[in-house]
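*Asks:* Read top to bottom, the protein sequences are chains F and D.
Using my numbering, the letters of the first sequence correspond one by one to residues 1 to 248.
Using my numbering, the letters of the second sequence correspond one by one to residues 249 to 637.
One or more hints might be untrue.
[To be verified] Not close to chain F: a few residues of chain D, all C-beta gaps over 10 Å, as computed:
{"hint": "1", "residue": "Gln253"}
{"hint": "2", "residue": "Tyr368"}
{"hint": "3", "residue": "Lys519"}
[To be verified] Here are some, though not all, of the chain F residues that point toward chain D, as calculated from beta-carbon distances under 8 Å:
{"hint": "4", "residue": "Lys73"}
{"hint": "5", "residue": "Ser186"}
{"hint": "6", "residue": "Lys188"}
[Claimed, not checked] If you want a taste of the chain D side facing chain F, the calculated C-beta under 7 Å gives, among others:
{"hint": "7", "residue": "Ala271"}
{"hint": "8", "residue": "Ala321"}
{"hint": "9", "residue": "Met490"}
No lab work stands behind these hints: they were computed from the structure.
These figures come from a predicted structure and were not determined experimentally.
From the three backbone atoms N, C-alpha and C, an ideal C-beta is built for every residue, glycine too.
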Amino acid sequence: MKIVVCINHVPDTETKVKVGTDGKTIDKAGVNYMLNPYDEFAIEAALQLKEKFGGETLVMSLGGDAHKETLRKALAMGIEKAILLKDDSIRDSYSIAKALAEEIRTLSADCILFGKQSIDYYNEEIPGLVAEFLGLPSVSVVVRININNGKVICEREIEGGHEVVETKIPLVMAAQKGLNEPRYPSLKGIMAAKTKPIEERQAATASSYVEVLTMHKPPPKQPGKIIGTDVNAVPELIRLLREEAKVL
Amino acid sequence: MMKFQGVDYYNIESLLSEEEILARSTIREFVDDNVIPIIEKHNRAGTYPMDLVPKMAELGLFGSTLPAKYGCAEMNNVAYGLVMQELERGDSGVRSFASVQSALVMYPIYTFGSEQQKDYWLPKLASGDKIGCFGLTEPDYGSNPAGMITHANEKGNCYVLNGAKMWITNGTLADVAVVWAKLNGVIHGFLVEKGRKGFSAPEMTGKHSLRASVTSELIFQDCEIPKENILPKTEGLKSPLMCLNQARYGIAWGAVGSAMACYDTALNYAKSRIQFGKPIASFQMIQEKLVYMVTEITKAQLLCLQIGRLKDRGKLKYQQVSMAKRNNVHHALEIARMAREILGANGILDEYPVMRHMANLESVKTYEGTHEMHTLIVGEDITGIPAYV
Ligand SMILES: Cc1cc2nc3c(=O)[nH]c(=O)nc-3n(C[C@H](O)[C@H](O)[C@H](O)COP(=O)(O)OP(=O)(O)OC[C@H]3O[C@@H](n4cnc5c(N)ncnc54)[C@H](O)[C@@H]3O)c2cc1C
Numbered sequence: 001m002k003i004v005v006c007i008n009h010v011p012d013t014e015t016k017v018k019v020g021t022d023g024k025t026i027d028k029a030g031v032n033y034m035l036n037p038y039d040e041f042a043i044e045a046a047l048q049l050k051e052k053f054g055g056e057t058l059v060m061s062l063g064g065d066a067h068k069e070t071l072r073k074a075l076a077m078g079i080e081k082a083i084l085l086k087d088d089s090i091r092d093s094y095s096i097a098k099a100l101a102e103e104i105r106t107l108s109a110d111c112i113l114f115g116k117q118s119i120d121y122y123n124e125e126i127p128g129l130v131a132e133f134l135g136l137p138s139v140s141v142v143v144r145i146n147i148n149n150g151k152v153i154c155e156r157e158i159e160g161g162h163e164v165v166e167t168k169i170p171l172v173m174a175a176q177k178g179l180n181e182p183r184y185p186s187l188k189g190i191m192a193a194k195t196k197p198i199e200e201r202q203a204a205t206a207s208s209y210v211e212v213l214t215m216h217k218p219p220p221k222q223p224g225k226i227i228g229t230d231v232n233a234v235p236e237l238i239r240l241l242r243e244e245a246k247v248l
Numbered sequence: 249m250m251k252f253q254g255v256d257y258y259n260i261e262s263l264l265s266e267e268e269i270l271a272r273s274t275i276r277e278f279v280d281d282n283v284i285p286i287i288e289k290h291n292r293a294g295t296y297p298m299d300l301v302p303k304m305a306e307l308g309l310f311g312s313t314l315p316a317k318y319g320c321a322e323m324n325n326v327a328y329g330l331v332m333q334e335l336e337r338g339d340s341g342v343r344s345f346a347s348v349q350s351a352l353v354m355y356p357i358y359t360f361g362s363e364q365q366k367d368y369w370l371p372k373l374a375s376g377d378k379i380g381c382f383g384l385t386e387p388d389y390g391s392n393p394a395g396m397i398t399h400a401n402e403k404g405n406c407y408v409l410n411g412a413k414m415w416i417t418n419g420t421l422a423d424v425a426v427v428w429a430k431l432n433g434v435i436h437g438f439l440v441e442k443g444r445k446g447f448s449a450p451e452m453t454g455k456h457s458l459r460a461s462v463t464s465e466l467i468f469q470d471c472e473i474p475k476e477n478i479l480p481k482t483e484g485l486k487s488p489l490m491c492l493n494q495a496r497y498g499i500a501w502g503a504v505g506s507a508m509a510c511y512d513t514a515l516n517y518a519k520s521r522i523q524f525g526k527p528i529a530s531f532q533m534i535q536e537k538l539v540y541m542v543t544e545i546t547k548a549q550l551l552c553l554q555i556g557r558l559k560d561r562g563k564l565k566y567q568q569v570s571m572a573k574r575n576n577v578h579h580a581l582e583i584a585r586m587a588r589e590i591l592g593a594n595g596i597l598d599e600y601p602v603m604r605h606m607a608n609l610e611s612v613k614t615y616e617g618t619h620e621m622h623t624l625i626v627g628e629d630i631t632g633i634p635a636y637v
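The following block holds chain D by itself, in its conformation from the complex (with noise of 0.2 Å):
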């Protein structure tokens, strides 16, 4: 096989800087080297690599924008993006992990939480001694988590959580979950450690997309939490939003990564595929196909090094996010889907990534706000209509 040697059609690299190539670069490697090797066989099997965790912390893939003194790298955020991209080519689920950790579990502590909160669990996150995990989602609160049901009472010293959370990345290997709750009919977020009474995170079986990651329902039955546990600068649906559009930015970025997988596959499969005699790429309607993948990738690039520009100059705004994720993940699909085409019965086939990659994206276009919910996020921004209920 032939190394991937990225999809570039623009020569959008000239407008990287030499670390952000670097960075890049690393992570392809690292990915060639150790999560293409194993992954189907922890997609198979409906298991994390947990060995991946070390390592991925060793790189520093772990709240990689955060201040050094945290133990993090500091990057900007083109460099955390190419970073993204680069490890959802080797798998969604590997990108989820380094996305919850990052953009959902520490962002969320170094931005509503106290120092000692900060200290604490940030240089722990960090080298990957803990995980953490989101939980938002409830069983019947997808898309409208304002109207979540679990919620927390003021006891002593205490709060005490009840209530359930469902499709939560993460939460069953969690040591520390990120948990969004009511307090007095105001959402908050809350720090819950693994092992607490009246906590329990058990993994839901039978998904047949991101099967190389753990998801877990949260379950709090009279759960006490000492009041330090609480989030102090969280107040309302807009601190989990901001987690969301934190890991929704690095999404825009990872699906890239996936359609350039299926293309390269593509790619390279048409190219040698001989059928009446010629390869398959000589016909016009898989040429079709593969103009229309790279033609996507190349406009997913650029929509993706202009939302990281902006965000590392303070300018982004969340609508723009939607866009790219709304746009990015859609396209990622339907080049995974022709992928599929393209390589005929094999590219239903665990020998090659289409497949999973397909159905990995599948998750990825629910998650974080549906593509319908981001839809709806730009035709508000654009009427000034919003259009949710």
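Chain F on its own, in the form it takes in the complex (with noise of 0.2 Å):
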């Protein structure tokens, strides 16, 4: 079986970003990166359906030289190889996606596996868009793989419950919270990924039909105010309740 992860280098979930002075990207000074989390439960994925099934993995990601190092872990958690589709400019989820795709269709891969979502722009488009360029099936929010003669049952979160679903391969699942429990890279895992190859192309150019304008942050939160601590400050609670915050 062939799988290919695509994967992101996000900001760290305990940075705390300020907007650049052009307003609309993140000021990236003193910002540490990672691994986007839900990605980790597609790494993990695609190493238990090696294990179980054969094959070969690999992982991908679209940006700067500053990939390298989350491609980098992957490859210390066990992924054999890794292409980084070199881009350093700005480009709306669509674009992302057609240049992940172009690239993917030359791989004939049986599982592209992709986390639901990136936790830096919230999007959650590329995992179906790329399903869609590829003209593949596509299954988000998986919980559950099983994959047998390749027929694919997968179990998604929805609203309140879960959904078993039935497709084939081959196809494109994006990963969520609960999936597996992704093993940390090993000393050793991370001394052979230093000789496992990162091979770097040009990703295909592909319009932008998204622009972002302005970025900002919400406004800061009010402080909380204590009216009393007993019974007695109930009723101004109320008045307050109904006229300030006007949600009674």
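Two independent chains are provided; combine them into the complex using the hints.
*Replies:* Now the structure itself:
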């Protein structure tokens, strides 16, 4: 089985992001980056599929040189090969998906895995777009994968429950938390990753159709107010909820 | 709680390679997920978290600088040091477990052992299937191990061991003990497997420090071991001291981990604790403490990195390791004490890690050569005059 995992290099969840001086990109100074957390589930799923069915695994990321760090982590976890689709330009989801799809098309993969979303821009568009460009079935928010003779049964998370769907390979799947418990890269894996190749290719050009105009942070939270500590505070609390907060 | 972000005032990260950073980040995450949530419980109970052992082995934490053919990661010494730092940010006991297994058991077998001993023991110790301990200190010989009483006598195909060791980390847990004893008046290393007749390893109790670590006596009463259990390339006190030098190197890094945990806790606490209508971090005396902490951590990091690079080039002198162990543990302990002060009464609670680190560091300051012994080692090196006796 040939498995391709597309991964992203995103600001660390603990980073306090600031908007850059241009007002539409983030200020990258002092920002730590990491492997997109949902992509870890996709990598783990790929490794488990390989352990079960044999075959080969490959990770791919579109972006600048900094993405190599994240690709290296995937290699340290046990993925065999990496491709960096080099590109420093600003693209919308359509354009990124198009470039990924162009590359994946040449690989004749059976499974193409993504995290269900990148935790940076929250567009949640790329897995579906890639599937569409490649004319493949796509299953999102996957929490269980069962493949048998080319038949794929996936469990998906839906509002208030799970849904079981059937499709077949080749396909695109987008992993949700709960799919598995991603392994740590072992020290041996980290050493092995040093000698695994990261192939650099130019990302295919593609138009963008959505442009970011501005980016801004939500207004700062108002400080809390303590009205009183016993039952005497209730009337004033109700008045404020009614007149100030206007929630009653 | 905010995830630990590291302490890196001088952008020392820019001096690390990609794999050194990845090793550090991986163990940091492992410690956040697997050590910190359970360690206070074990510290209270005085037990080592044994379920960490297979996980640590899986990550490659045992003998990580040794060759791949024994199942080891073959990392450089800087990566190994960073791993020790991260483990000790969790707890000195967890770092001690990895230090003993790696530097005091696998290293001597690798360095002084026969091919058969290496082939048999190293893969099992790397995979955590077997646990080892290192017995040098005796009840009456601590800083002066040359005077040890434990001895071996030849008897046919065997050596017969008699004597007692004390303060032995992992002694009760160990499947194999690397025991130092005199044979015809010269110190040699011997491998003694658990269960040998005449060998027992009772656990020592009543510790206020390194509680999440097992410390034991090793008692040998006419304990017979086959002759092939001697580590053939050991000769004299130099051999165990070479092992200690490996372990001290890891301790120098480990102390930085404890110090980081204490500083991070104190800094966050100082920014959120309000007294006199302001965060206590806004008072000059608190800032002075925090500045001392971050400065000493930064200096300690630089010492570690440089001894690591020297070690990787085969240029490290043991006296340089002594300087780093002495300095870093001393300041880590001072940092832990200051952090305790900044936390006020909360500092004594096990809801915060500082008092545990402080208590642990008291052991760390003494074991692997006391602070004073390292002073004398560096003192001899710079003056040419030994001042031990
Ligand atoms: C938790 C723990 C785990 C340990 N694990 C191990 C282990 O796994 N294996 C092992 O072999 N040992 C182990 N040790 C023992 C440790 O290495 C010794 O405690 C240490 O070497 C000091 O010996 P001592 O306690 O006998 O102190 P002593 O040697 O009696 O020293 C007492 C004091 O006198 C000072 N002193 C001694 N001589 C001089 C001198 N010439 N000049 C100035 N000051 C001097 C010392 O610095 C110290 O302050 C462990 C100890 C602890 C606490």
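*Asks:* Work down the list of hints and note, for each, if the structure agrees.
*Replies:* Right, here's what the structure says about each hint:
1. Gln253: 6 Å, violated
2. Tyr368: Holds, because the least Cβ-Cβ distance between D:Tyr368 and chain F comes to about 21 Å, which exceeds 10 Å.
3. Lys519: The claim holds: D:Lys519 sits with its nearest Cβ about 14 Å from chain F, beyond 10 Å.
4. Lys73: With Cβ-Cβ at 6 Å, under 8 Å, it holds.
5. Ser186: 5 Å, holds
6. Lys188: Since the shortest Cβ distance to chain D is 4 Å, the answer is holds.
7. Ala271: 5 Å, holds
8. Ala321: Where the cut-off is 7 Å and the nearest Cβ of chain F is about 4 Å from D:Ala321, the hint holds.
9. Met490: 23 Å, violated
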